[in-house]
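S.K.: First to last, the protein sequences are chains F and A.
For what it's worth, the numbering used here labels the leading residue of the first sequence as 1, then goes sequentially.
For what it's worth, the numbering used here labels the leading residue of the second sequence as 196, then goes sequentially.
These are calculated hints, taken from the structure and not from any lab test.
Treat the hints loosely; a few may be bogus.
As the list claims (entries may be wrong) - Residues from chain A that face chain F, not an exhaustive set, calculated with beta carbons under 10 Å:
no.: 1; residue: Ala-198
no.: 2; residue: Leu-230
no.: 3; residue: Ala-274
no.: 4; residue: Ser-275
no.: 5; residue: Arg-280
no.: 6; residue: Gln-297
Since the model is a prediction, treat every value here as computed from it, not as a measurement.
For each residue, glycine too, the CB sits at the ideal point set by N, CA and C.
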Amino acid sequence: MPMVDVNAADAAPLSPADVRDLSAAPTMDVGMTVNGRPVSVKVDTRTTLLDTLREHLQLTGSKKGCDHGQCGACTVLVNGRRINSCLTLAVMHEGDSVTTIEGLGSPEQMHPMQVAFVKHDGFQCGYCTPGQVCSAVGTLDEIKRGIPSHASADLTATQRATPDEIRERMSGNICRCGAYANILDAIQEVSRAQS
Amino acid sequence: MKAFTYERADTPAAAAAALAARPGAKLVAGGTNLLDLMKLQIETPTHLIDINRLQLDRVETTPDGGLRVGALVRNTDLASDARVRKDYAVLSRALLSGASGQLRNKATTAGNLLQRTRCPYFYDTTKPCNKRTAGAGCAAMGGFTRNLAVVGVSDQCLATHPSDMAVAMRLLDAQVETVRPDGATRRIPIADFHKLPGNTPQVETALAGDEVITAVTLPRPLGGRHIYRKVRDRASYAFALVSVAAVMHPDGRGRFAFGGLAPKPWRVEAGDEQAKNGAKAVTDVVLRGATTTSQNAFKLALVERTLDSVLTEAKA
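Take the sequences, apply the hints, and build the full model.
M.R.: Here is the structure:
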C-alpha cells in the first residue's frame, strides 16, 4: 500500500461530513465521591468510569491496558469493592464512592500496600501497579470478610491469605514484566501486618 | 461504541415497559459482558435501561425451604452467601471458578445467565456469524473449533454457552422468574431457558423481548457431596474446556451437569441412572449424538476422565 503524505499540498480538505459531531451524542450529569471529594461531571453516556477518572478528573493513576476487563490495570474500589473501571459506565455510578490509587496514598504518604510493593520490588515498568495495588487492597478485604475463592479447600472455613489464595484471587491482574513473585511477597507482608 | 440514551428504571415492570417502548433498548446491570460487546460494536443498543436500583439484590429463603436469588445479586455475594456455601456448594464452587475477583464483584446472577458466547467468530466482526446476523453464515465451520461445542450444535452454530454458574443452576433445577410490562410473571425451568441453535442461533433464550428476569429460585437442598470440576488451559481466569457439576450421595446415586460442551448447560437426566456404572457409562448417555471436529474431539475423552476423577473424589 502506498504511503499517504498527510502534508501533501494538494490534499483535499476534510468536509464537515467527514467529521463526526460528538456534540450531538447524549450527555448526562453524574455526581460521585472520588477519593473522598464530591465531584460532578458532565459526560457522554458512553464514557466509562475509567475514562471519566482519567480524562475528566485528571486522575491518570488508573491505567487503560486492554479496555476489556482482562488485564486489571484499571482496577479501582467502588463503595469499597474492587471492580474493572473500564467495564462500567460513569452514568451507572451516580452517588457512588470511588477510590483510585491517588486516594489510597501519595508519594509523601504511601498506603501500606504501596510501601510493601516498593520494599519487595513488586513492579518493573509500573504500568499495572496502580491496578495491582487497588486489587490487592480489595483482595485482603475480601479475605477479611470471609469471601471464599476457588483455592479455598473448605468453603465454610475461615479464609486465610495463603500464597495459593492470593495467587488465585489476584488472577485478574496481569503483569507483563512478570513481577508476580514479588507482588505476592508484598501482599503477604501487608496481610501479616494486618493480622 | 455507538451513542445511546440512558435511563434508570425504578421497578421491574417499569424496566420491562421501557424495553417494550424502545426497539433498540437493552437492560444493563453489571455490564461486564454488555459493555465489552458494545465497545466491539457487536451489541449496538440505542438506549440503555439501568436496572441496578431495582432492589433485586437479596437472597431469601422460600416457604418450601429453597432459595430465591434476586436477579441483581452479584456473583461474589451469591458465592459467599452462608446458605449457598452450606447447602448449594456446587453453585458456590461454579461461581468461584469463573472470571476474576473484580468481575465477580460486578457481574449479576441474571446477567451471568444472559452472557453471550465467547466463540472467536462471534467476537470477530470481520467474519460471518449467524448469532450476530441471522443467515450470515458461520465462520467457525472449518475454522478454529478447539473450544467449541460437541453436543447440541447445528450446521449453523457451534458456539458454547460460557457460564459456569448456569451449569450448577441447571444441576440444581433452578427456575428463572420474570416479569412483563403488564406485571404478568412466570417461572421458566432452567432446562427450557437456554435454546439450542437449530436454524435460529440468534435466539438464545426463552425470554420475550419485553421480559425482565427478577430472580432465580432454587428448590430445597439436595444434600449429598457437591463437586464442581473445571478443566481449562490455565489455572485461573479462563473459560472451561469442559466442566462437571455433580451432587453425589453415599449410596452411589448422583446427578450431573456439564459445561464447555454445548450451547447451553448440558444435562441428560438419563445419564444419572448410570452413576453406579462409572464415568464411561454416564458419558456414553450424555454425549449421545455428539458432533465433533478434529480439533475438539478431545473433549469427549476429557469429559469422561474429568467425570471419572469427580466420581473418585466423591468416594474418598
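S.K.: Indicate, hint by hint, whether the structure satisfies it.
M.R.: Verification of the hints:
Given hint, Ala-198/A at the interface with chain F, holds; its Cβ is 4 Å from that chain's nearest Cβ, closer than 10 Å. The criterion of a C-beta within 10 Å of any C-beta in chain F is met by Leu-230/A, whose closest approach is roughly 5 Å, and the hint holds. At a threshold of 10 Å, the smallest CB-CB gap from Ala-274/A to chain F is about 7 Å, leaving the interface hint in force. The beta carbon of Ser-275/A comes within 5 Å of a beta carbon in chain F, closer than 10 Å, and the hint placing it at the interface holds.
A least Cβ separation of about 4 Å between Arg-280/A and chain F falls short of the 10 Å threshold, and the interface hint therefore holds. A distance limit of 10 Å between C-beta atoms decides the matter here; for Gln-297/A the minimum to chain F is near 5 Å, and the interface restraint holds.
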